[in-house]
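Participant: Read off the chains here:
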Amino acid sequence: MDFTSLNFVVLIAALMVASVPIMLAAIGELVVERAGVLNLGVEGMMIIGAVCGFIAAVETGSPFLGFLGGAVGGAVLSLIFAVLTQTLLANQVATGLALTLFGLGLSSLLGQNYVGMKPPVTGKVPFGPLADLPVVGPILFGHDWVVYFSILIIAIVWWALKATRLGLILRAVGENHDAAHSLGYNVRRIRLGAIMFGGAMAGMGGAYVSLVRVPQWTDGITAGAGWIALAIVVFASWRPWRVMLGSYLFGGITVLQLNMQAAGSAIPVQYLSMAPYLITILVLVIMSSGKGRAALNAPASLGQNFHATR
Amino acid sequence: MLRLEKRPNPSRFWIYGTPFLAVALTMIAGGIMFALLGKDPVAAIKLIFLDPLFNGDVASYSRPQILVKAAPLVLISIGLSLGFRAGVWNIGAEGQYVMGAIFGAATGLAFYPTESRLVFPLMVLAGAFGGFIWAMIPAILKTRFRTSEILVSLLLVYVAKQILASAALSFLKNPEGAGFPGSRNLAQIPAMANGELIAGTGLHWGGVAAFLAVGAAYVLLQRHILGFQIKLAGQAPRAARFAGVNPDRLVVLCMGLSGALAGLAGLFEVTGPAGQITIDFGVGYGFTAIIVAFLGRLNPLGILFAGLLMALTYIGGELAQFMLGLPAAAIQAFQGMLLFFLLAVDLLSNYRVRLIGWGAR
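In order, the protein sequences belong to chains A and B.
Per the numbering used here, the very first residue in the first sequence carries number 1; after that it's consecutive.
Per the numbering used here, the very first residue in the second sequence carries number 311; after that it's consecutive.
If you're looking for bench data, these hints aren't it; they were derived computationally from the structure.
This structure is a prediction, so every number in the text was calculated from the model and none was measured.
Heads up, the beta-carbon is just placed ideally off N, CA and C, and yes, glycines get one too.
Take these hints with a grain of salt, some might be off.
Ranges between beta-carbon positions, derived for each pair [said to hold, decoys possible]: (1) B:Ile325 / A:Gly220: 31 to 37 Å; (2) A:Trp241 / B:Gly505: 24 to 30 Å; (3) A:Gln304 / B:Phe521: 33 to 39 Å; (4) B:Arg454 / A:Val9: 50 to 56 Å; (5) B:Gln631 / A:Ala179: 36 to 42 Å.
Which bits of chain B does chain A cover? Going by a derived footprint, with three or more residues having C-beta under 8 Å, they are [said to hold, decoys possible]: (6) 378-391; (7) 648-656.
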């Protein structure tokens with residue numbers, strides 16, 4: 001195994017890019033879960049976002065509209081989940097699964113005429129001479145706007161949950177929906193908003209896969225990233241900054257195993273490709289066991305449906 | 311203005327009525343989707359639901375195919391339904407199915423070229439064991455460390471698929487295969503083949519196992535204390551604990567059973583219809599089985615019918631693909647839609663929908 005070909009600075013810069021899709025999807029799901037809703041359809045919303053974003057970008061020639069299209073696609077799909085679980089009181093686990101199964105089918109239907117096409121290139125943010133700085137340049141100033149946007153979203157969610165009235169209401173709804181309801185808050189409307197925000201973020205994350213990471217459209221392009229995002233929310237104990245930490249950790253593992261594949265490691269490709277999933281499981285185990293159990297931080301009403309009798 | 315009122319008891323009529331209503335609604339919504347794709351919706355629906363059974367030109371081929379496709383779906387869903395009833399969410403059946411096939415095929419190929427009739431039963435055991443072991447990982451992580459079985463079982467699907475690729479490319483690759491990926495064709499080795507038992511019906515050992523599983527699950531749920539505990543744990547977890555039901559034991563039992571059944575389904579598939587271990591062996595039966603379980607209302611007999619219906623949409627979908635040029639993905643979206651409608655109309659069995667005037671609020 002030849003490690004000399006792995007340049008540390010390039011590796012850090014690459015992992016920041018690799019972690020964007022799961023970071024966006026995970027921060028969206030974090031808001032959804034803090035509102036007390038468990039949406040297992042992240043994978044479905046991501047792949048719909050990936051295909052919608054790809055189509056929007058190819059048709060308009062604008063990567064920005066592509067990301068917007070991805071976010072809209074994800075949000076529209078999440079609306080189905082919202083209606084089913086909030087209005088029709090369907091089981092959240094089953095509905096989330098349905099969203100993923102439907103999303104996988106629909107995405108491949110929508111994308112069938114776009115296989116093999118090239119999307120417009122999402123350019124780097126022009127930082128001028130800053131980008132040429134050694135070490136700091138490629139890591140801090142060498143990315144496209146979505147990388148910065150994803151970090152900004154983490155900061156905004158952290159601030160909103162911690163310091164705003166809206167964040168307080170959202171948390172109240174997630175911790176005890178009956179109490180929130182009796183205080184006069186509209187539980188369903190707040191959850192609807194949270195679910196759609198989660199859908200939009202997952203969709204945008206998906207669009208980043210098809211527009212930047214790969215960049216083309218193939219069936220099943222997200223390859224389980226949505227499920228890893230769900231695991232990262234648990235890893236993060238429902239705290240925004242830890243979502244970033246978790247995403248960078250997994251981005252790092254992904255980049256490292258890809259580099260090892262490219263460097264011709266003695267370990268067969270298939271076993272390297274397993275690594276992100278296996279390590280996700282390992283981290284889940286560590287986080288969910290012992291005294292500092294992640295489950296203790298879970299929103300108390302997570303996964304329970306709310307039906308106001310009056 | 312609509313208002314929902316919780317029923318004191320679930321409506322008997324709607325418990326049986328909702329699957330039919332959901333299928334009808336799916337046909338309408340699917341028809342709209344087909345129309346948007348520029349296909350004649352009536353012709354497409356007829357092609358999917360009626361022609362495989364009644365069209366003389368294709369029925370002789372497609373009728374047996376229904377049992378072939380329904381067998382793995384029913385086998386997997388019976389196992390899943392027990393868990394779903396108890397609140398144990400094994401959604402990684404696809405991975406257990408793949409591992410069952412790999413374990414079974416590897417056992418059989420270890421004895422190649424034998425003619426002993428004991429090999430096939432041994433492979434069946436190995437297949438069930440493969441699925442069982444793969445399901446035990448989330449089960450034990452759940453009981454020991456409280457790790458979410460939903461996420462672990464699902465993530466293991468991706469791991470299983472990588473092992474599958476590795477099996478097809480390296481350790482189970484056919485040494486006489488001229489370098490092509492894929493194992494020896496098990497269906498052509500008499501000692502390992504899972505052929506048609508009654509000519510022209512499509513019934514193979516997987517179908518037999520599926521019927522047995524339906525019967526066994528029915529007896530378990532209706533007559534056995536374990537079945538009662540499963541139902542109790544799902545409907546009233548607190549009451550179940552007071553009644554002395556050990557939730558960890560139920561997790562291990564439900565996961566293990568569903569894993570073993572999914573493994574069996576994989577084994578019967580790889581020795582029969584699929585024939586060999588290839589990279590694309592997993593075609594999603596493990597996920598479609600989730601839809602089948604809900605369509606059958608988690609009831610063994612219901613699952614049998616739901617499995618047959620879902621198999622019909624597979625065959626009909628292939629037919630529509632061939633005759634109308636309907637994209638393969640359309641039928642997948644169609645099946646996903648069915649689950650949406652099922653979950654949506656399920657409301658009717660637990661709630662009464664009341665129409666109240668605008669002023670009455």
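Participant: Now look at each hint and say whether the structure bears it out.
Facilitator: Against the structure, the hints:
no.	hint	verdict
1	B:Ile325 / A:Gly220: 31 to 37 Å	holds (36 Å)
2	A:Trp241 / B:Gly505: 24 to 30 Å	violated (59 Å)
3	A:Gln304 / B:Phe521: 33 to 39 Å	holds (38 Å)
4	B:Arg454 / A:Val9: 50 to 56 Å	violated (41 Å)
5	B:Gln631 / A:Ala179: 36 to 42 Å	violated (53 Å)
6	378-391	violated (count 0)
7	648-656	holds (count 5)
The structure fails hints 2, 4, 5 and 6 (numbered hints given earlier, in ascending order).
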